[in-house]
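Peer 1: Residues per chain, in single letters:
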Amino acid sequence: MPELIIPALILGGFALISSTGLLIASKKFYVYEDPRIEEVNELLPGANCGGCGFAGCSAYAENAVNTMSLDTICPVADSETMEAIGKALGLEVKVGEKQVASLMCKGTTQNCKPVMDYRGIQDCWAMMLVGDSNKACSFTCLGLGSCVLACNFDAMRIEDGIVVIDDEKCVGCGNCIPACPKDLLHLRPVSKIVTVSCFNTDKGADARKACAVACIGCMKCEKVCESDAIHVTNFLAKIDYEKCTLCNKCVEACPTNAIEIRGIEAHE
Amino acid sequence: MEVNRLLIMDSSPQGRVTESTTKIMYTVCITLIPALAVSAWMFGWDALRVIALTAIFTVGIEALISRIAPYKINFMDGSSLLTGILLAMNVPSNAPWWMLLIGSLVAVILGKQVFGGLGQNIFNPALVARVFLLISFPVAMTSWPLPGMAVDAATGATPLGILKTEGVGALANTSLADLAIGQVGGSLGEISALALLIGALYLLYKRYITWEIPILFIAVVFVFTGIFYLIDPNQYASPVFHILTGGVFLGAFFMATDMVTSPLTFKGRVIFGIGCGLFTAIIRLFGSYPEGVSFAILLMNGVVPLLDKYFPDKKFGMVKNG
Amino acid sequence: MAKQESGFKVIIVLVLIAFLSAVLLAYVNKVTREPIEENKKAETKKAIGIVLRGLTGYQYPEIPQEMEVDRSPVKYFMAVDSNKNILGCAVIVKAPNGFTNDFDMMVGVDSSGSVIDTYVLDHKETPGLGDGMSKEPFKKQFRGKNINNTKWLVKKDKGDIDAMTAATITSRAFTAGVKRALMTYNRLREDGK
Amino acid sequence: MAEMILMIVGAVFVNNVVFTKFLGICPYLGVSKKLDTAIGMSMAVTFVLTIAGAVTYIVQNYVLVPIGIQYLQTIVFILVIASLVQFVEIVMKKTAPALYKALGIFLPLITTNCAILGVAILSVQSNLNFINTVVFSFASAIGFGLALIIFAGIREALDTRKVPAAFAGSPIALIIAGILALAFMGFSGMVK
Amino acid sequence: MNNTFKMGGVHPPHEKRSAAQSIIYGEVPQQLLIPVHQHIGRPCEIVAAKGDEIFRGDLVAKSTGFVSSNVHSPLSGKVQKIVKFVQLGGQIKECVLLSPDKAGESFKNIIEADKKKDINIDSLSADEIRNKISEAGIVGMGGAGFPTHVKLSPPPEKKIDSLIINGAECEPYITADHRVMLEQSSELLKGILILQKLFGGIPIYIGIEKNKPDAIELIQKETAEYKDIQVVPLKVKYPQGGEKQLIKSILNREVPCKGLPMDVGVVVQNVATVIAVHDAFYYNRPLTERVVTISGNLVKNPGNIMLPVGAPVSYVFEKFEIDTEKVKLFISGGPMMGRTSCSFESPISKTTSALLFFDEDYFSDRRENPCIRCGNCINACPMGLTVAQYVEMIIANSIAPNIKDSIMDCIECGSCSYACPADRRLVQWMRFGKNIITREN
Amino acid sequence: MKIGEKFKKAFFTENPVTGLLLGLCPTLAVTSTAENGIGMGLATTFVLVGSNVVVSILKNVIPSRVRIPAFIVIIATFVTIVDMGLQATMFELHKTLGLFIPLIVVNCIILGRAEAFASKNTVWDSFVDGISMGLGFTFTLFILGSIREILGSGAILGYNFLPETSPTILVFVLAPGAFITLGFMLVGMNKINKVLQGSKS
Ligand SMILES: Cc1cc2nc3c(=O)[nH]c(=O)nc-3n(C[C@H](O)[C@H](O)[C@H](O)COP(=O)(O)O)c2cc1C
Ligand SMILES: Cc1cc2nc3c(=O)[nH]c(=O)nc-3n(C[C@H](O)[C@H](O)[C@H](O)COP(=O)(O)O)c2cc1C
Ligand SMILES: Cc1cc2nc3c(=O)[nH]c(=O)nc-3n(C[C@H](O)[C@H](O)[C@H](O)COP(=O)(O)O)c2cc1C
Ligand SMILES: Cc1cc2nc3c(=O)[nH]c(=O)nc-3n(C[C@H](O)[C@H](O)[C@H](O)CO)c2cc1C
Ligand code: SF4
Ligand code: SF4
Ligand code: SF4
Ligand code: SF4
Ligand code: FES
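Protein chains in written order, with the numbering used here: chain A, 1 to 268; chain B, 1 to 322; chain C, 1 to 193; chain D, 1 to 192; chain E, 1 to 441; chain F, 1 to 201.
Quick caveat, the hints were computed from the structure, so don't treat them as lab data. Every residue gets a Cβ at the ideal spot worked out from N, C-alpha and C, and that includes glycine. Warning: the hint list may mix true and false statements.
[Unchecked claim] Pairwise CB distance ranges (calculated):
#1 D:Ile-58 / A:Leu-149: 55 to 63 Å
#2 B:Ala-69 / E:Asn-397: 50 to 58 Å
#3 A:Thr-20 / D:Ile-58: 12 to 20 Å
#4 C:Asn-83 / F:Leu-162: 17 to 25 Å
#5 A:Thr-20 / F:Leu-157: 49 to 57 Å
#6 A:Asn-152 / C:Ser-134: 55 to 63 Å
#7 E:Asn-397 / B:Met-318: 24 to 32 Å
#8 A:Phe-153 / E:Gln-30: 53 to 61 Å
#9 F:Leu-157 / C:Asn-85: 45 to 53 Å
#10 A:Asn-152 / F:Leu-157: 29 to 37 Å
[Claimed, not checked] Simulated coverage check for chain C against chain F, where a stretch passes if three residues somewhere in it have a Cβ under 8 Å from a Cβ of chain F:
#11 12 to 18
#12 21 to 30
#13 36 to 50
[As the list claims (entries may be wrong)] In the BS3-like style, the derived pairs of lysine-lysine whose C-alpha atoms are separated by at most 30 Å in a straight line are:
#14 A:Lys-169 / F:Lys-194
#15 E:Lys-16 / E:Lys-319
#16 E:Lys-93 / A:Lys-238
#17 C:Lys-9 / D:Lys-94
So that you can see chain A by itself, here it is in the shape it has in the complex:
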């Protein structure tokens, strides 16, 4: 019997010493912490693997609470755990209609003539250092894909010299918007498929000369719209998505096809 009891007593003793020691230490050296950090920490797997890029689970928890974001996902936790963490922090998925990025340009190389043979760094911002525009229209999409690089969801690609967005893949994170030196991207509700695909504020004649499908500011759309949803300022039409009823009247009225219906397939 003693050969069972003695080790048990010794180990029990170690456990006693260490737990009491820790308890006392944690009382004596108590430091206030946001209780939610501990809560998130509890929810985390506690593998302390450093796989998330933070130095251990509590560092991850601290970051999540302090920044109130769950951008980095714990590689060990399953999706339920992540959801639970989200709940604990009150970080819920934003309700509301899904937004997608939309390009305000139709200046493909057919519609808008190239004006230079650009050979520098293949990046829109870099190109802007060498020239303002590689096509006749000074507002055109340069088609070198700075936005594509910024998109983490593989939702964009370049086709015929302009960027094309995949509404299915786009999650509306908006990362691409500041990535465009030409300010050509904006977010719209995914169902609002009628958009003005032009950003040219030049006078009608100049715009027309630069690009076959430019908005020339003729005001026809504004006149046919029954919901007061489209307005022309600075020779450029702009749609108020809140008011637009998708009646398509403006699309039919536009003489240059600057207004278009996007992603029809996706919607039918």
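Once you've looked at the hints, dock chains B, C, D, E and F with the ligands against the given chain A.
Peer 2: What follows is chains B, C, D, E and F with the ligands alone, placed relative to chain A:
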């Protein structure tokens, strides 16, 4: 006036030097010819066979990879050819073809392409391959056909191997002149210090390599082994012997200077050269391996990022005087 | 937020778990102690069986005896028959200066002082090179050699032992080890043990 | 003295914890993406490993061996190390917040770093005396730190290189560790 | 005496093929497209309106602040309209389209009609000088186009003790400054005296590269009697004309990082700028025309021409027998710092020092290859920057905070790209990096 | 979750080694032969299952503040049992696995599963989790061990398929080979995972 053709738009400057990566790489290949000639003279056709095989293997493997890699690889830019030649210079002339194939695979894939190809690698590809082979096939990699016109299959140890296994006494009849011109055993490229020097001088003249690394490398090996020689000449070989044997010249002039895997800054290169020399000497004097050059360079390759980061060069305007 | 248990409960639970674990382990230890001891003995026995191959009816002490040779400790099992006549000896020596390290080997010596066989207990030599020393082609040359009829150096050092290809260093260490074992035995005989 | 130097060289270069003993690989890969983190981690490991070496020496030689319960080694060591780390963390947080900011976040990681337990067990196994245990633990930690810092430097540099997607991240990290291990083999045999 | 800077630098072939050609004057062009924005600083405000009849020297756009500059009309005529047009250098900006009424007449006659004044510079106060320069819309003609009156108004705590006149002209091909020094040396001297007066009689150094021995000799002769004006022959090395390098070469002072010449008590002015200053005072002439070198491998008769600001590039085609059919690349400025352009109708501006015309393969056009870390760029960089490392960071979008200042220190001289065997677009990447850093702030 | 699905996850997509990069030390250290790999894998599986079950039984008893120490003690108990058991029954294997048996305690997989899974799930689920994760681990070790053994010693599960004297690529049984092989294995596993995930959607 309508412009009927599109004008080139590009960033300044438009002017460019006439140098190119390809030109540099092939030039280095050419500067290795004297050393190759010496080894062909010493080892006969076998030397040429080894060189031809590694050259074909490295370039061929890279060509195959260029077909499947998601990025562009210019396998004719001479860098893989150079890797192949340098690998050949690092193996004995009787190395069997399959060993050369494994070496080439390691050099091109493990040493270079997994990092993203030319310029992206951290470690010297040829040396990764050499150390890989050395550790995998120590027998084949440390016994050498005896040089000279003899074609018989006699094998022997390199001077450093003899030093390691038999001590200084056994070296009594190896003359330093023999070492300098290559009358000793060794892998293809490590036998003739003089022939290597000829090529290296041209590279220095063309500024394809800088003096810091090779000079400090050799100097440190000399000084460090010299100290021990002075302490006990019966146990330690002379410093001249040390710098003339093994891969010191090959390593210092052609491998440590690989621009891709050496530091960008002057201070970095100074430390790099000293480190290479120090580790070479330490491994030779105290380690189990007879030769330390490859290990030393690989080790220093590993700290190049730290050197680049912590030893920047002086910038214009760093001194306040206004 | 998770509920805070009282400090007392915390301590009790942990101590209890530790307590129970230790009981369990002590029990397992009790059960396994015997077989483990057996295994350890069996290993020694196997080694001795190999190095004293051919001898029969010998006994040896459970715990090896120790002595110093060349300022390094050597262990040995004297093999005796039931009348305490020495049949041979299994000597455990450190072979000095192997390629990576010193390594332990056991050398069986017959009563006349010749090598019966060798067995490497634990080594860190390179697989494929140095570890050839536990293989037949290398091992067999030592059998029957004794301290006087052989120059205990490798051929390279002008001795009688054929080194393994490309593993001279290991061969040297091994040879020195065997020599040390033979010297141990001789010393023992001289001391009249 | 010479012996001690040899032991240090041995633990740092020849028998490097990471490259030849395979201890602490998880944090080695996990905490080596940034140089700053790697330096912090190295210091924390050095700190804890040295203390752990000393404490486990005492536990082993003054408790386990006298009573003859060496088979509880693993469980006692890990308990002691875990509590020790947590204790240090709690105390450091209160008394030295600056140090805690620099090192504290690495402490929880260290509990489950097998380098600590591994080195503790190794030094017990090789029957070192107290001073040598402490020195050995410290040198092993330095070896870990050296490997970690070199590695982190390379990985940071890799950010700017075009590693193919298939190899990016852990695969290339392991390959680099492999090549470094190749290079470290040059030291083999230096300390017998 | 080997005056040069120590750090970096490259030696591109000089190609000064037009050096012996004296400045010619053409006839008045049919149309002028006067760029409204020709300087660094705040854009100015257009004052000319469609239909206005204006005269030579009239204001077409007005400065809108201290760091801004007036734009005047080089010719009299009628304002057709205000249009946006692509400038030399690719940026699209507003221009005033003017139909000169004296189209076809000799431009030289028009220039020489400017009334000469005999002024007494001793009577001018510093502020008067600055105001005059500001009025005249003078901007740096050495390339950057920084408003000159700003450079001449250092804050009081920066004591200016030396003035350097930049006649280095280190760019290949360009000979405009060289010709100006030869043909207008007395104007240059008078201009210098005005600036010397402005700063209260400080010593003047005129830096000229040794590949212009005739200019060195002439200016030395002109200034022989002035003890405090010294001509400094400079070693031929690019970018000898960069102001920081020039200061180092001549005074052995190093402008601190992020600093300006005035931080080491120096102001640097280009020779043409100084002559513009002279013209403003002696002829009451605002800056409306400049000497432009026309050269390149497709130019049969390389030369130098005085052009009114706003003249389209195509204006020079016939005069210099340019094989326009073959032109695939044309550069405004030199091949090291000049900018490519995509339209032959773009107007020249106050800072256009040269127009160079080349065919497709003159500058071998090569792809950007991977950096092999050869360090050539680092050795070439006159600012001592670890270019390759910075650029890799910029590409990877992970610029270490401590190198941001260094990136901003790049003077975009092009030495690095010039030296790079892998044809990396280093300058463009550096500019891209600057762009990222400024966007962050 | 279906058991089949669970196993697929444990073997491929969420494989402890190639997916989560945990437990690397034993993975690298003991896989110079396939046999050692299996031995280590099974030993770990035993500890994993044991600790998972016990933790899930005790999940409501253990106070959260001493959760980690308590788990470690439980795990260490099982490890010590394995240690002694192996020594008693498979002495040779125990010798080669050596130091790494006690280190199972700090194998992050085990604590990770105890925390992430067993402390929140039923005994049965934890048992299944332990088995699947453990076998996933074993599977990886086996593959890695096999590759290294074939290349490095010219043998499959101890059986030499090459003639005695033919050279093998020694590096693969040494430390560098372990890292490099695992590196390439990760690439392969990622490819497989992509295919598996592709087939799902
Ligand atoms: C990876 C490697 C492992 C080696 N392992 C051993 C070894 O285990 N034993 C040994 O004696 N020499 C070993 N060597 C040393 C060399 O083979 C050395 O050249 C050899 O011992 C010289 O002896 P030789 O005269 O028989 O060729 C090794 C060398 C290398 C490169
Ligand atoms: C924001 C800014 C402020 C400047 N302020 C002064 C100044 O106060 N004094 C001065 O001498 N130069 C000043 N400069 C001009 C520069 O020193 C330099 O001459 C100008 O940028 C053109 O130089 P470069 O032709 O060498 O490129 C300033 C430049 C900038 C961009
Ligand atoms: C790389 C480089 C080269 C330059 N070369 C010249 C030159 O050759 N001649 C010149 O007048 N200015 C040159 N400059 C511009 C000068 O730095 C400086 O801005 C100018 O001399 C100031 O005079 P400004 O304001 O009158 O133009 C160069 C600038 C740089 C950055
Ligand atoms: C001076 C010089 C030395 C070189 N040395 C080596 C070398 O030792 N090994 C090698 O594989 N490549 C060498 N190269 C070629 C090339 O840089 C190498 O393949 C790159 O490391 C591949 O990215 C060298 C190139 C130059 C210009
Ligand atoms: S960056 Fe975001 S918003 Fe833009 S396309 Fe991609 S997913 Fe859509
Ligand atoms: S949308 Fe903007 S960023 Fe995207 S390719 Fe077009 S110009 Fe570039
Ligand atoms: S362009 Fe900038 S980085 Fe390049 S050499 Fe000139 S100053 Fe240096
Ligand atoms: S010159 Fe070009 S190749 Fe050489 S280091 Fe600089 S960027 Fe790289
Ligand atoms: S198993 Fe994770 S650190 Fe060793």
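Peer 1: Evaluate each hint against the coordinates.
Peer 2: Going down the list of hints, with the structure as the test:
1. D:Ile-58 / A:Leu-149: 55 to 63 Å: Given a distance of about 58 Å, which is inside 55 to 63 Å, the answer is holds.
2. B:Ala-69 / E:Asn-397: 50 to 58 Å: Once the Cβ atoms are compared, 23 Å apart, the range 50 to 58 Å for E:Asn-397 and B:Ala-69 is violated.
3. A:Thr-20 / D:Ile-58: 12 to 20 Å: holds (19 Å)
4. C:Asn-83 / F:Leu-162: 17 to 25 Å: violated (51 Å)
5. A:Thr-20 / F:Leu-157: 49 to 57 Å: Roughly 51 Å apart at Cβ, these two residues keep to the hinted range, so it holds.
6. A:Asn-152 / C:Ser-134: 55 to 63 Å: holds (57 Å)
7. E:Asn-397 / B:Met-318: 24 to 32 Å: holds (27 Å)
8. A:Phe-153 / E:Gln-30: 53 to 61 Å: holds (54 Å)
9. F:Leu-157 / C:Asn-85: 45 to 53 Å: holds (46 Å)
10. A:Asn-152 / F:Leu-157: 29 to 37 Å: Given range 29 to 37 Å: violated, Cβ gap about 45 Å.
11. 12 to 18: Check passed, 4 qualifying residues.
12. 21 to 30: Holds: 5 residues of the stretch 21 to 30 of chain C have a Cβ under 8 Å from chain F.
13. 36 to 50: With 5 residues in contact (Cβ-Cβ under 8 Å with chain F), the coverage given for the stretch 36 to 50 of chain C holds.
14. A:Lys-169 / F:Lys-194: Holds: A:Lys-169 and F:Lys-194 sit about 18 Å apart, inside 30 Å.
15. E:Lys-16 / E:Lys-319: holds (19 Å)
16. E:Lys-93 / A:Lys-238: Measuring from Cα to Cα gives roughly 25 Å; hence the hint holds.
17. C:Lys-9 / D:Lys-94: holds (25 Å)
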